[in-house]
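Undergrad: Heads up: the protein sequence lines correspond to chains R and Y, in order. The numbering of the first sequence is this note's numbering, which starts it at 1 and goes up by one. The numbering of the second sequence is this note's numbering, which starts it at 1 and goes up by one.
Derived by calculation from the structure, the hints in this document are not laboratory data. Some hints here could point you the wrong way.
[To be verified] Derived pair list, reagent style DSBU-like, types lysine-lysine, alpha-carbon separation capped at 30 Å:
hint	chain 1	residue 1	chain 2	residue 2
1	R	K149	Y	K739
2	Y	K598	Y	K518
3	R	K112	Y	K518
4	Y	K518	Y	K585
5	R	K112	R	K149
6	Y	K574	Y	K681
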Amino acid sequence: MQLNINGQTHEVDADADTPLLWVLRDNLGMTGTKFGCGLAQCGACSVLVDGQVTRSCVTTVDMLEGTEITTIEAIEQDDVGARVVEKWVEHQVPQCGYCQSGQVMAATALLKEVAQPTEEDVRAAMINLCRCGTYNYIKAAIDDLSGRKGEPL
Amino acid sequence: MDMIKGLIPGVDPQDFTHGAPVNLSRRSVLRGALGIGAGAMVLGFGLPSGTARAQAAATMAPGSNVPAFLEIRPDSTVRLLSPFVEGGQGIFTGMAQIIGEELDADPSSFIVENAPAGADYLVIGGQMRITGGSMSVRMSYPLMRKLGASARAMLITAAADQLQVPASELTTEPGVVIHAGSNRRIAYGDLATAAFDLPVPDPETVALRDPATFRWIRQPVKRLDVYDKSTGRAEYSIDVTVDGMLHGAVQHAPRLGLMVETIRNRDQVAALPGVHAVEILDGAVAVVAQRWWTAKRAVEALEVDWVEGTDLPKGWRALPADFSSDAFAQELAAATGPETEAEAHGDAPGVLDAAQTVISATYHSQYLHHAQLEPPSTLARFNPDGTLDLWLPNQAPEQYQAAVAGLTGLEPAQINIHSPILGGFFGRHFLYPAASAYPQAIELARRTGRPVKVIWTREQEFLRDPMRPMAAVRFRGTLDDNGMPLAIEAVSATEGPTEAVYGHGDSVDETAVEGLSKKAYAIPNLRIAQVYVENPVMLAYWRSVGNSMNDFFYESFLDELANAGGQDPLALRKHLLRDTPRLTKLLEAVVDLSGGWKRGPFTAEDGSMRARGIGMASPFGSEAAAIAEVSIENGQVRVHDIWEVLDPGAIVNPMLVRQQIRGAAALGLSQVLMEEARWDKGEPVARNYDMYSILPPDQMPEIHVGILESGAPIGGVGEPPLPAVPPAVANAVAALTGKPVRRMPLSRLRFDS
Chain R
1 MQLNINGQTH
11 EVDADADTPL
21 LWVLRDNLGM
31 TGTKFGCGLA
41 QCGACSVLVD
51 GQVTRSCVTT
61 VDMLEGTEIT
71 TIEAIEQDDV
81 GARVVEKWVE
91 HQVPQCGYCQ
101 SGQVMAATAL
111 LKEVAQPTEE
121 DVRAAMINLC
131 RCGTYNYIKA
141 AIDDLSGRKG
151 EPL
Chain Y
1 MDMIKGLIPG
11 VDPQDFTHGA
21 PVNLSRRSVL
31 RGALGIGAGA
41 MVLGFGLPSG
51 TARAQAAATM
61 APGSNVPAFL
71 EIRPDSTVRL
81 LSPFVEGGQG
91 IFTGMAQIIG
101 EELDADPSSF
111 IVENAPAGAD
121 YLVIGGQMRI
131 TGGSMSVRMS
141 YPLMRKLGAS
151 ARAMLITAAA
161 DQLQVPASEL
171 TTEPGVVIHA
181 GSNRRIAYGD
191 LATAAFDLPV
201 PDPETVALRD
211 PATFRWIRQP
221 VKRLDVYDKS
231 TGRAEYSIDV
241 TVDGMLHGAV
251 QHAPRLGLMV
261 ETIRNRDQVA
271 ALPGVHAVEI
281 LDGAVAVVAQ
291 RWWTAKRAVE
301 ALEVDWVEGT
311 DLPKGWRALP
321 ADFSSDAFAQ
331 ELAAATGPET
341 EAEAHGDAPG
351 VLDAAQTVIS
361 ATYHSQYLHH
371 AQLEPPSTLA
381 RFNPDGTLDL
391 WLPNQAPEQY
401 QAAVAGLTGL
411 EPAQINIHSP
421 ILGGFFGRHF
431 LYPAASAYPQ
441 AIELARRTGR
451 PVKVIWTREQ
461 EFLRDPMRPM
471 AAVRFRGTLD
481 DNGMPLAIEA
491 VSATEGPTEA
501 VYGHGDSVDE
511 TAVEGLSKKA
521 YAIPNLRIAQ
531 VYVENPVMLA
541 YWRSVGNSMN
551 DFFYESFLDE
561 LANAGGQDPL
571 ALRKHLLRDT
581 PRLTKLLEAV
591 VDLSGGWKRG
601 PFTAEDGSMR
611 ARGIGMASPF
621 GSEAAAIAEV
631 SIENGQVRVH
641 DIWEVLDPGA
651 IVNPMLVRQQ
661 IRGAAALGLS
671 QVLMEEARWD
681 KGEPVARNYD
691 MYSILPPDQM
701 PEIHVGILES
711 GAPIGGVGEP
721 PLPAVPPAVA
731 NAVAALTGKP
741 VRRMPLSRLR
751 FDS
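Kindly produce the complete structure, drawing on both the sequences and the hints.
TA: Next comes the structure, spelled out in C-alpha cells:
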C-alpha cells in the first residue's frame with residue numbers, strides 16, 4: 001500500500017492490520033515515534049493524521065491510505081511545529097525525552113487548531129504521560145506559545 | 001556490609017570517602033561479581049582515537065586516564081565518554097560542565113556518550129561504576145575536575161612544544177591555548193593529536209581553578225540533549241538497529257517460576273508468514289521474525305501449557321499460585337520474628353512500656369512499578385571474531401558484562417556493552433534476575449545465527465518489572481509533659497532491595513530502613529528495627545529506595561504525635577530540630593517559599609476547603625522539606641501546590657536541580673496518590689497503564705522550588721526531592737479530614753467532599 005508520510009509517498013509492504021507505529025519504526029526506520037504502551041494510554045506514539053493528533057500504536061495502516069501523516073522527523077518543516085520545538089528547547093522541557101516526541105506532536109496539533117488555546121484547552125489536549133514529571137515545563141512552554149508568558153521555571 | 005553499602009544506591013556511599021572499614025570477604029565476592037580485575041577492561045566500538053593509549057595506560061587510577069574519556073576533534077568539539085549514563089537527570093550536561101570548567105572548553109562544545117565497560121570508568125571509590133544512588137556528581141566531582149585539568153595541562157604541554165615557549169607562558173581561553181607574549185593562539189583541535197600522545201600528568205599535581213572564577217559550574221547551563229529529544233533524534237536502546245537483524249517478541253509465563261511444558265500450536269505459528277523461529281526460553285516463549293509486529297502477533301498466538309519449574313535460574317523467586325498482595329500486606333502487619341535494630345538510643349521500649357498513654361499505629365506501603373516509558377529491549381549480535389555486542393538499557397555496564405560472561409562463557413573482554421541513553425530508569429535497569437531481556441536476546445541470536453533485538457511489550461514488562469518493596473511499620477510513641485515526643489519505636493516488617501538482590505545477612509539492610517533511621521529529630525528515646533520477611537515477588541531499587549516509603553511512615557506518624565500532644569506540626573519539627581541549624585534553616589526556607597505557614601483547614605479563593613501538610617527527608621547526603629496544599633474533590637484528594645526546598649550542600653547546575661526537584665516531586669506524588677501494583681490469585685491486576693495509573697498531567701500541581709546551598713558536603717539530587725512529598729500530602733489530608741493517613745496510595749480511600 002501507499003502511505004503519504006511527511007510529504008513523501010512510501011510504498012509499504014505490511015499487513016493491513018499493522019499499526020502505523022511499527023511501519024514507521026521497522027519498515028521505514030523512522031524511530032522518532034516511540035512505543036510506550038501499545039494501548040493508546042501514554043501517547044508516546046503520537047503522530048498527526050490530516051493534522052489531528054493520532055495514537056499510531058492503535059491506528060492500523062489500512063485506515064490511512066489517502067491521508068497525510070506527519071511524524072516528529074518532519075515537525076520542524078511545519079511552522080507551528082518549528083515554534084513548538086523552539087519553545088521546548090527554550091524552556092528545557094525534556095528530561096529522559098522518551099515521551100517528548102509525542103508531547104511535541106500533541107502540542108503542535110493543539111496550536112494548529114487553536115492559535116491561542118486557553119488553559120482549559122491545554123488541559124484537554126495535553127494528556128500524554130510523562131514519567132519524569134516534566135508537566136510543569138510542558139505547561140510553561142505551551143503557555144508561552146499561547147501568549148501567556150510567565151517566569152521561566 | 002560496608003562494601004555492599006557503598007555499592008548500593010542510597011546506602012551511605014560516603015563510606016568510600018570516609019575510609020570506612022571494608023569487609024574483605026564481601027569485597028572479594030563483589031569484585032568478582034563486578035568483573036573487576038585482570039582482563040576486565042573492555043573497549044567497545046567507536047572509542048576515541050586514544051584507544052590504544054587508553055589500553056596501554058590501564059593501570060592508571062580509574063577516572064584519570066584522559067584519552068579514555070576525552071577526544072578533541074579537529075573542530076575543537078569535545079567528545080566525552082561519560083562514566084554515568086544519561087536517563088533524564090541531565091548528567092551528560094553536568095559532566096560537561098565539570099570537565100569543561102577545568103579543561104577550559106565550553107560545555108556546549110561537548111558531545112557526550114556513555115562509556116563502554118572498562119576499568120578506567122570505575123570512578124566511584126575507584127572500584128565501581130553505577131548510575132544510581134544519586135551518586136554521579138557527588139562521587140566523581142573532584143575526580144572529573146582533575147580529569148579536565150589534566151587534559152588542559154596536556155594541551156598546554158603540546159602547545160609549548162609546538163610554539164617553542166615555556167609552558168608557564170601559556171594560558172587558555174575556551175577551546176584555545178594562547179601565548180600572549182607573541183600573540184599566538186592554537187585551537188585545541190589542532191593540538192589534541194599531539195597532546196593526547198603525551199603522558200597523563202599525575203592528577204594530584206594539576207592545578208584546579210579557584211571556584212570563585214567558575215564560568216559554568218553553578219550556572220544554569222542548557223542541557224546538551226534537549227534539541228535531539230524535542231525532535232525525535234535521540235536514540236534509545238529500543239531504536240538501535242544493525243544489519244541483518246531479526247526482531248524478537250516474548251510471552252512470559254503468567255507467574256515467575258512457571259516453565260514451558262508444551263506449545264500446542266508451535267508448528268502452525270512457525271509457519272506464519274514472516275516468522276523465522278518459535279523458541280522456548282526460561283519461563284517464556286519467543287518468536288523471531290522479520291518484523292517486530294509479526295513476532296508480537298505470533299507470540300501472542302502461541303498456546304502454551306505452563307508447568308511449575310524446577311531448578312530455576314539463580315535469583316528467581318517462584319510466585320505462589322495463590323499470591324495476593326493484600327493478604328501479604330496483612331501478613332506483614334502481623335509478622336513477628338527476630339527484630340534487627342537499625343538505630344537505638346535511650347530506652348524506647350522501657351519508656352513506652354511504662355507510659356500511661358501510648359499512641360500506636362500500623363502503616364502500610366505498596367508495591368510499585370518503575371513504569372519508565374521506554375520498554376526494555378536488548379539487541380544481541382555475535383561477531384565473526386567471537387565477540388558479542390549488546391545494546392541494552394542499563395545503569396551498570398561492568399555488572400552486566402560480568403553477568404553475560406557468566407551466562408555465555410565468554411571472557412568479559414569479548415563482550416561489548418553499549419549503553420544508549422535511557423527512556424527513564426528510576427532504578428529499573430540495575431542487574432536484577434529475570435528482569436532484563438538480555439538472556440533472551442543472546443539465546444535467540446545464538447540459536448538463529450543472526451543479530452536479534454528483543455523488545456518487551458508493556459504487558460511483558462509489567463510481568464517482570466521487579467517491585468519497590470512493600471512494608472508494614474508498627475509504631476509506638478509517647479509524649480512528655482509538654483506534649484513533645486518522648487519515645488518513638490518503629491518496627492518495619494519488610495525486605496530491603498539490597499538483601500533481596502544480594503542475599504539476606506545478619507545485619508540490618510539499610511535500604512529497608514533508611515528514612516525511618518537516621519532522622520535528625522531529637523527524640524530522647526528511639527528504637528528503629530526491622531523484621532525480615534522475604535517477599536514472594538522480585539524486588540528492586542526504586543527512585544529514593546527505602547526513603548520512598550519510610551519518610552512517609554515516619555513523618556506521618558510524627559504528625560499523629562503532634563496532634564496527640566496538641567502541637568502544631570511545624571512548631572513540633574522546629575522544636576525537635578532546634579540543635580540542627582541546617583534543617584532549621586531549611587524549614588524556614590520552605591515555609592517562606594509557601595508564603596508563610598498556614599496549616600488550615602481554610603477556605604480557598606475558589607471556595608474549596610483546603611489544608612497544608614509538611615514533610616522532611618534526609619536522603620543521599622541531601623536535605624529536603626516539602627509543603628503540600630490539598631482539597632477533596634469528588635471523594636478524592638486533589639493536590640494544588642507543592643513547595644519544596646532542597647539543600648544538596650552545593651550544586652553544579654541550578655536548572656538541572658530544579659528539574660529534578662519537580663520530577664522527583666511528581667513521582668512522589670504519583671506514589672502517594674494513585675500507584676499500586678497488586679496481585680490477586682497469583683496474577684497481577686494491572687498489565688499496562690490502563691490499570692496501573694501513573695500521575696497524569698491534569699493531576700500535576702505547580703511545584704514551587706527552592707535550592708539551598710548550605711556548604712555541607714555535596715549530596716545527591718536525582719532522588720532526594722522525592723521522599724518528603726508523600727508525607728507532606730498525607731499530612732495535609734490528615735489536617736483537612738482530621739483522620740491520619742496510614743497507607744498509600746490515597747486512591748484506595750474514599751473521602752467525604
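Undergrad: Confirm or reject each hint.
TA: Now the hints, each set against the structure:
{"no.": "1", "hint": "R/K149 x Y/K739", "in the structure": "violated, 40 Å"}
{"no.": "2", "hint": "Y/K598 x Y/K518", "in the structure": "holds, 28 Å"}
{"no.": "3", "hint": "R/K112 x Y/K518", "in the structure": "violated, 53 Å"}
{"no.": "4", "hint": "Y/K518 x Y/K585", "in the structure": "holds, 19 Å"}
{"no.": "5", "hint": "R/K112 x R/K149", "in the structure": "holds, 19 Å"}
{"no.": "6", "hint": "Y/K574 x Y/K681", "in the structure": "violated, 47 Å"}
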